[in-house]
Amino acid sequence: MNNVRTLSLKRFHWVAALLVLLLGTVSLYESSAGAANNSPLQTTRSNSGTPNSSIVVKNKAGTVTKYGDGAIIYKLPSSALIPLGKALFEENCASCHGTDANGVPANGTAGAYPNLRGLGPATVDFWVVSGRMPAADPRSVQAGRKTGRLDAKQALALAAYVNSLDPSYPYIPTPNLKTANVSDGEALFSLNCAACHTIEGDGDALALDTYAPSLRHIPAYQVVEAIRTGPGNMPRFTGNLSDAQVRDIVKYVTTEIQHPNNPGGFGLGGLGPVAEGFVGLALGVGILALVGFWVGERQ
Amino acid sequence: MSDEMEHRTPVSLANVRADDPHLQPAAKNPRRVEQVIGLLFVLGIACFIGFAVTYFLDAPAWTYGATLGMGLFLMGVGQVAWGKYLMPRGPFVEERHELASSETERSAFAAAIVDRGGGTVKRRRFLFGLLGGGVGIFSLVALIPLMRSFGPQPKGTLFKTNWKKGSYLVDSTGRRVQVGDLGIGSIVTVFPQGFENSENGQAVDQTVLIRISNEDVVTGKGRETWGPHGYIAYSKVCTHLGCPVGLYEQQLELLVCPCHQSQFDVTKAAIPIFGPAPRPLPQLPLYVDASGNLRSQNGFDQPVGPGFWERA
Amino acid sequence: MSTEVNTERTKKQALGPYGKLGQTLNELDDRLGVAKGGRTFLDKIFPDHWSFMLGEIALYSFFVLLITGIFLCFFYTPSQALTIYHGSYAPLVGQRVSEAFASTVNLSFQVRTGLLMRQMHHWACDIFVGAIVVHMARVFFTGAFRKPRELNWTIGVTLLTLAIVNGFIGYSLPDDLVSGTGIRIAYSIILSIPLLGTYVAFFLFGGNFPGTDIIQRFFFIHVLIIPLIILGLVGAHLFLLVRQKHTQFPGEGRTEHNVVGSPMFPVFIAKTNGFFFIVAGVTALLGAFAQINPIWQFGPYVADHISYAVQPDWYMGWLDGALRVFPSWETVVFGHTIPWEVTIPSVIFPGIIFNICYVWPALERRYTKDYALHNLLDRPRDRPKRTAAGVAMLALLGMTFIASATDVIAHFLDLPLNDVLVAMRILIIASPFVAYPIAYVICKELQGFANAGKRKTANIVSRTPEGEYVSVSAPHYEDDVHNELEAIPVPKFVVEPEIPESPGGVRTVPR
Chain A
11 MNNVRTLSLK RFHWVAALLV LLLGTVSLYE SSAGAANNSP LQTTRSNSGT
61 PNSSIVVKNK AGTVTKYGDG AIIYKLPSSA LIPLGKALFE ENCASCHGTD
111 ANGVPANGTA GAYPNLRGLG PATVDFWVVS GRMPAADPRS VQAGRKTGRL
161 DAKQALALAA YVNSLDPSYP YIPTPNLKTA NVSDGEALFS LNCAACHTIE
211 GDGDALALDT YAPSLRHIPA YQVVEAIRTG PGNMPRFTGN LSDAQVRDIV
261 KYVTTEIQHP NNPGGFGLGG LGPVAEGFVG LALGVGILAL VGFWVGERQ
Chain B
68 MSDEMEHRTP VSLANVRADD PHLQPAAKNP RRVEQVIGLL FVLGIACFIG
118 FAVTYFLDAP AWTYGATLGM GLFLMGVGQV AWGKYLMPRG PFVEERHELA
168 SSETERSAFA AAIVDRGGGT VKRRRFLFGL LGGGVGIFSL VALIPLMRSF
218 GPQPKGTLFK TNWKKGSYLV DSTGRRVQVG DLGIGSIVTV FPQGFENSEN
268 GQAVDQTVLI RISNEDVVTG KGRETWGPHG YIAYSKVCTH LGCPVGLYEQ
318 QLELLVCPCH QSQFDVTKAA IPIFGPAPRP LPQLPLYVDA SGNLRSQNGF
368 DQPVGPGFWE RA
Chain C
3 MSTEVNTERT KKQALGPYGK LGQTLNELDD RLGVAKGGRT FLDKIFPDHW
53 SFMLGEIALY SFFVLLITGI FLCFFYTPSQ ALTIYHGSYA PLVGQRVSEA
103 FASTVNLSFQ VRTGLLMRQM HHWACDIFVG AIVVHMARVF FTGAFRKPRE
153 LNWTIGVTLL TLAIVNGFIG YSLPDDLVSG TGIRIAYSII LSIPLLGTYV
203 AFFLFGGNFP GTDIIQRFFF IHVLIIPLII LGLVGAHLFL LVRQKHTQFP
253 GEGRTEHNVV GSPMFPVFIA KTNGFFFIVA GVTALLGAFA QINPIWQFGP
303 YVADHISYAV QPDWYMGWLD GALRVFPSWE TVVFGHTIPW EVTIPSVIFP
353 GIIFNICYVW PALERRYTKD YALHNLLDRP RDRPKRTAAG VAMLALLGMT
403 FIASATDVIA HFLDLPLNDV LVAMRILIIA SPFVAYPIAY VICKELQGFA
453 NAGKRKTANI VSRTPEGEYV SVSAPHYEDD VHNELEAIPV PKFVVEPEIP
503 ESPGGVRTVP R
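Residue numbers (the numbering used here), protein chains in the order written: chain A, 11 to 309; chain B, 68 to 379; chain C, 3 to 513.
Simulated from the structure, these hints should not be mistaken for lab results.
C-beta atoms are modelled at their ideal positions from N, C-alpha and C, and glycine is treated no differently.
One thing to keep in mind: the hints can contain errors.
[Unchecked claim] Derived Cβ-Cβ restraints for the label pairs, each shown as a range:
(1) Asp215(C) / Ala209(B): 14 to 24 Å
(2) Arg173(B) / Leu153(C): 14 to 24 Å
(3) Met214(B) / Thr156(C): 22 to 32 Å
(4) Ser174(A) / Ile338(B): 27 to 37 Å
(5) Ser90(C) / Lys231(B): 54 to 64 Å
(6) Tyr369(C) / Met214(B): 46 to 56 Å
(7) Thr240(B) / Thr73(A): 21 to 31 Å
All chains, full assembly: derive it from the sequences and hints.
Written out as structure tokens, the structure reads:
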């Protein structure tokens, strides 16, 4: 193939120009989409009204006669924490949520930030102990789990204080996992949770800029808080799931999802066929093609 | 090695002499290569024996594949190395014979088919026509049991669900849903009572019940009574390809189908606002009876699920 | 004593020069007449360029599929009848699942090497289809599908289709949540076919979805019907290959009328058998260390359950991606619905792709007006239009494949899901139009360099009197085995061209 050929310069600036144009358009679109951000903020959710009947049972006088069915113990945070909570609130939360925790900051407009009154201590505790609040970026579409600025005790104090302004349910839960049925938990997880969090519990991107977070590192009681309070875009599972059912789901999450049974080898990130395809093609066909390169001859 | 091959002219196997360099191994040091291959084979055999050992010792599952795989791999590498480095290195040449036959053969072949065959057909054209027609009709008729016995005709099956006037909404455990059960932002999968355990019921009747407020919700004209106390019910079968639309984002008030990310606006009769779904999810009209149970006023007003030819 | 020796020698002589084995071969030839054909077969020459090994990856992974599949058949129950799971995996104990699912979980946990066989089977399938695609690309880009091998190309494309279909049916057999969703989607796709859709769907499934028959029917198709067809077609594929002989790249001593390489026996058989072991070994290692399709984590298929991030196996990904990006166009004409958003991406689009593959040899013949026989291959760079067309097709299919993972991409790269989908729509439409010119220009450019892609040899550049630059590749030295650059001495003298005297003393340069 030693063909003699005229050495002349090839100019393919037009190809490069086309590429730059295309990439530029796409990247411009991307960056503008991020900045515009017309997705709704985490809006205020009005109080749900009467807590459902199977969890909190009140008598005619209005006093609670039964709370839960014993599978989960609910406790109100100690009122001794309220002063600490008030101090922490004024320092960390009032600038956005207002000194009255009703979502009206000092120099802002009503409804700009969520109203925290009447949502129950578990709601506040979940947002703070998971590190989502205080928010890293108040204008982001969805706050993510991160190492919290405030520890668990401080979170409880905040919960106690905010709840004291307008007491409601649910209280801080402690699930009793000893008697949980992991098989029922799997079936319930599959029906109620897998649609967003995936059946492997890894989470995934949802509509617009929201996402369902991974469940691989969440403590048991926070799972209950999330299920019962429905943080952000997550639905609230109230009367349609009994405490025993919620406890079973928590057992499934804290065992199978957080300690998966992978007898077949590396779990490949639990991404399913996407990861398997990459491994099969890159490792499988790739390695075999390389071996073929050795077996055969090069010319 | 390949460069050296380029400089050896290919020789035919038929008349190669025993001392021809083409028959020599490619390796510069065949003894060394032989030792390496032998080592590979020994290791491979050791892996195979290891496989048997792990099996009988009930070792962790990965050890079966590791030993079997390494054994096969090593034996394979050894064989390839033998063929590549120790066997005659060639290259050898072989002439391709013309694929096409000679002209006389081709004429005879054509004659056999065209003349003899054509002649037969010409003489008995009527019989041949009947034979051809018979075979054709057989092939059509033979398809009938193959296809028709397989399943029923669709008829009106795709147009119906088991939701009727007054059906109780029950969850997957069979428990009736009461008006106080769900908080705002809650979702539950419901079925008509009696069908929550049947496979067909689960596939066709599955419905999501969402509560978006405390007051009655109107999702469109003519649907003023369909959403009592803030409860709305939509068919869970996606109108794109039938996946269960179980993904609800309560603040965006969007039902998202997990399969291909169609997004349905819950407050506007589940109209798809993004994604490939073409039609809104059919809505189930609800009412609350005297005991506080949620029930359906009627079945769905259109077929649920993906589109098909007979769907008007 | 001497009589014994004599008997030894006469016995040996009686056996002939090839001994006992030779006698056996003679006996065989007496009965079957194998000597002539057998020798021709053993002497067959196989060109052994490395890119010819890709088809062998496919062939041997198919054998691995057959062997592991036979093992699996003994333990799998192809039935949708419901049973209570009582095995060793706690999260499923007590649940009502189908026999198919329960038997697969039991195979994975309770049968020793059961999980290994299952995973080897699944990995071998991914590798099988991948190798077919890579092999098909090699055949396409080197023009090996031209006369007389068009029939082999047709058989090959059919094999690809069957492999994909059988793979889909196969991973649907365990009746788990993820693959069951795929079956639901397949049912809806069949429904969407105009005129016949509902009838075909009801006949295939025995009624409305899910019915109670489909797993059993899939089992039969997956285990018997399609493998038999594949076996037959592979046999025909190999028979044609042996009859027409393999193609080869042009090179020293290689012409349109010969084959240069190594003989079938012993060299090729040793290498190919070794390669079989290697393919099986790599598949076994993958089956040992990389978990695939952990159906116990997915749980049984229940019609109202669904998981997020459910993509099909990679070779179906291009269809899933096409379904995701297609706009929601549906028309109702005269009381009949045509769901274009389903029919176009999942029926018409793959139909067009496969038909392009089928008619390509005829298309190329018509376009290039080349009706000759070809036993020598093209280097892809020497056919820039064909290569660019192939690259454009691969770009399109690659983009639709990537589009099936929009949610995973959005999650990994922290981008809004809706925007990723719109970006994929743009990329899918634009990619063939971008890939074609890029590939074309690269081919043209590579054509200019004699040893492009290899270690460079020296180029001797000289200039003609007209001012044109001419470059010639220097030959490599005898000992320069790796074509390392060794300085070629500059000639001490440059031969100046003859310049004719012109009247008047002005120097003219000949044109």
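Cross-check of the supplied hints:
| no. | hint | in the structure |
| --- | --- | --- |
| 1 | Asp215(C) / Ala209(B): 14 to 24 Å | holds (21 Å) |
| 2 | Arg173(B) / Leu153(C): 14 to 24 Å | holds (18 Å) |
| 3 | Met214(B) / Thr156(C): 22 to 32 Å | holds (27 Å) |
| 4 | Ser174(A) / Ile338(B): 27 to 37 Å | violated (43 Å) |
| 5 | Ser90(C) / Lys231(B): 54 to 64 Å | violated (44 Å) |
| 6 | Tyr369(C) / Met214(B): 46 to 56 Å | violated (40 Å) |
| 7 | Thr240(B) / Thr73(A): 21 to 31 Å | holds (29 Å) |
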